[in-house]
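In case you want the letters, here they are:
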Amino acid sequence: MPSSQRRIVAPGDELDPKVEAKEPYVVEVGGKKVATVVGLLDYKGQKPSYIPLEAVYIPKPGDVIIGLVTGIGVTNWFLDINSPYQAVLNIQDFLGRPFNPATDDPARLLKIGDYVKAKVLAFDRTRNPLLTVQEDGLGRITEGKVITISPAKVPRVIGRKGSMLNMIQEETGCDVFVAVNGRVHVKCENEDLEDIVIVAVKMIEREAHKTGLTDRIRRLIREERVVRGV
Amino acid sequence: MAKAQVQLISEEGLRHDGRRPDELRPIRMKVGVLSNADGSALVEFGKTRVIAAVYGPREPIQKYMVLPDRAVLRVRYHMAPFSTSERKSPAPSRREIELSKVIRESLEPVLLPEYFPRTTIDVFIEVLQADGGTRTASVTAASLALADAGIPMKALVGGVAVGKVNGVLVLDVDEVEDSAGEADLPIAAAPDIGLITLFQLNGVLTRDEIRAAVNMALKAIEYIVEKEKEALKAKYEF
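Protein chains in written order, with my numbering: chain F, 1 to 230; chain P, 1001 to 1238.
Derived by calculation from the structure, the hints in this document are not laboratory data. Check each hint, because a few of them may be wrong.
[What the hints assert, rightly or not] Heads up, simulated EDC-like pairs for lysine to aspartate or glutamate below, C-alpha to C-alpha not over 16 Å straight-line:
| id | chain 1 | residue 1 | chain 2 | residue 2 |
| --- | --- | --- | --- | --- |
| 1 | P | K1233 | F | D175 |
| 2 | P | K1030 | P | E1012 |
| 3 | F | K187 | F | E205 |
| 4 | P | K1030 | P | E1226 |
| 5 | P | K1233 | F | E207 |
| 6 | F | K60 | F | D124 |
| 7 | F | K22 | P | E1226 |
| 8 | F | K210 | P | E1237 |
| 9 | P | K1227 | P | E1044 |
| 10 | P | K1235 | F | E205 |
| 11 | P | K1233 | F | D124 |
| 12 | P | K1227 | F | E205 |
| 13 | P | K1235 | F | E207 |
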C-alpha cells in the first residue's frame, strides 16, 4: 500500500471484501468483489472506500436535477438530463393547472435551450423519467450560468459534509447548486465571479482524484479574484 | 493453401524481425485520445495501430434495436483506406462486417448491460495501420475505450494471435508471418475472470500445438491486460 493510502483501481481488479460500494461500480464475480470502472481506493478512516472516477447518471425518484430543454411535444417538453435517458416534463405539471392547447403555447413557456431545475417524480426503467417542478425553488433557471460536469465528480465538488461547496460559496459569495446529474448552477453578483467559480469547478472535475484539493481551489479563487479585480 | 517458401525462422531460432518465437511486438497504449467520445483508446502492436471510440450508454439512434431489459452493444470495425499498402476501399467489406460481430461477441461477456436498459453502447474501431493482428488489437483497444468511458465491466479483455511459421509456434504474428505462415490462431480473453472470449483458427494445428498456442496466448494476454490497467491508471497521475 502506498504511503498516500490511495490508489487507482481498474476494471477487473479485486477489492477488499470490506469495501462498500454500490452496484454496478462493484460487483461480485465468483465470490470476489471486483471493481467494474476506474476508481479511487482510499484507505482513510476505518474501512476502505471506493469512489468511481467514471460514471453515468441514472435517474432516481426524488433527485433534484437540472435539465436542458431539447424538444417540445404536444403536451410535454423533452429534457436532456446528462443521462442515457431523455426526461419528460408535462406542461400541466409546469403550469400547475390543466393544460389548454388553445390558450397555452408551450414554446412560450419553455424554449429549447432553457435550463430547468426539476425533481425526478418517477423512473422505472421501462419508460423515460418523469419530472416535476411543483415544489419550492424548482422551475426555469432565469439567472446565472449552468455548466455540465461528469456525474462521477459531483461528490467531489460538494466535498466531505459539503466542505468544498461551502468553501467556494464563502470565498466568492455566490450561490452554487450542484445537481446530482452533473449540472452546476452558479449565480453571483457579477459575471466575473461566475467565471471564477466555473474555472474552479472545472479544476475539481479534472483533479478529483488528487489530495489537498480544497486548499488549492481556495488559492485559485483568491488568485483569480486579484487578477480579475473582483 | 500454398506452402510457405520463405524462410521465416533463422538458424538461431529468431523471427524475420528479430523476435524470439514467444515475444510480443512493442506495445503502446493510450486512453482518452479523442475528446468528443465518452471514451477512447489508441493501441499499437508494433506497426499495427488501432484507435477505438466509445459512445454511451446513450439513446439509440435506431429505435428499433432497443432491448427492454438491457443495453445493446454495437461494434463497427473499419480499416482506413490508407491502413494497408494497397488502398482499401472505405466501404465495409464482408470481412469487416464479420470482424465487427466477432469483436462484439468477444466484449459482450464482460459487460453488465442489464444496468442500462433501452440504451445502446457504440464502439467504433478504426484501423489506422494494418500489420497483422488487427482484430486482436481492436479487441484490446475497444476494451480499453469502454473502461475509459466508465462503462461497468467485470474485467478487461486483451487479445493476441499465435501463428505457425516453418513449423514453429510464434506469438503475435505480423502481416508477413500471417500471409506466409501455416496457421493463425487469434485469441481474446479476460484473465481476471478466467474467460476466453474469442477463439478462431485459420489453417491447421495439431491438438498439442493448439494446447501450446493457447497457453502461450493466455500468458501474453495477462501481460497485455496488465498494460491496459497501467494505461488507464496513467490518466489519473497523482
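Verification of the hints:
The suggested pairing of P/K1233 with F/D175 is violated, with an alpha-carbon distance near 35 Å, which exceeds 16 Å. At most 16 Å may separate the alpha-carbon atoms for a hinted pair to count; P/K1030 and P/E1012 exceed this at roughly 35 Å. About 19 Å separates the Cα atoms of F/K187 and F/E205, which puts this hinted pair outside 16 Å; it is violated. As the CA atoms of P/K1030 and P/E1226 are separated by approximately 13 Å, the hinted pair is consistent with the 16 Å bound.
Our distance criterion of 16 Å between C-alpha atoms is met by P/K1233 and F/E207, whose separation comes to about 14 Å. Restraint check: the Cα-Cα separation between F/K60 and F/D124 comes to about 9 Å, which is no more than 16 Å; the hinted pair holds. Note on F/K22 and P/E1226: the hinted pairing is violated, with a Cα-Cα distance of about 25 Å set against a maximum of 16 Å. In summary, the hint linking F/K210 to P/E1237 is supported, as the alpha carbons are separated by about 8 Å, within the 16 Å threshold.
For the hint linking P/K1227 to P/E1044, the alpha-carbon distance of about 12 Å falls within 16 Å, and the restraint holds. Taking the CA atoms of P/K1235 and F/E205, the gap is near 13 Å; set against the 16 Å cutoff, the hint holds. Proposed proximity of P/K1233 and F/D124 is contradicted: the alpha carbons are some 35 Å apart, above 16 Å. For the given pair, P/K1227 sits about 26 Å from F/E205 by alpha-carbon distance, which is inconsistent with the 16 Å threshold.
As the CA atoms of P/K1235 and F/E207 are separated by approximately 11 Å, the hinted pair is consistent with the 16 Å bound.
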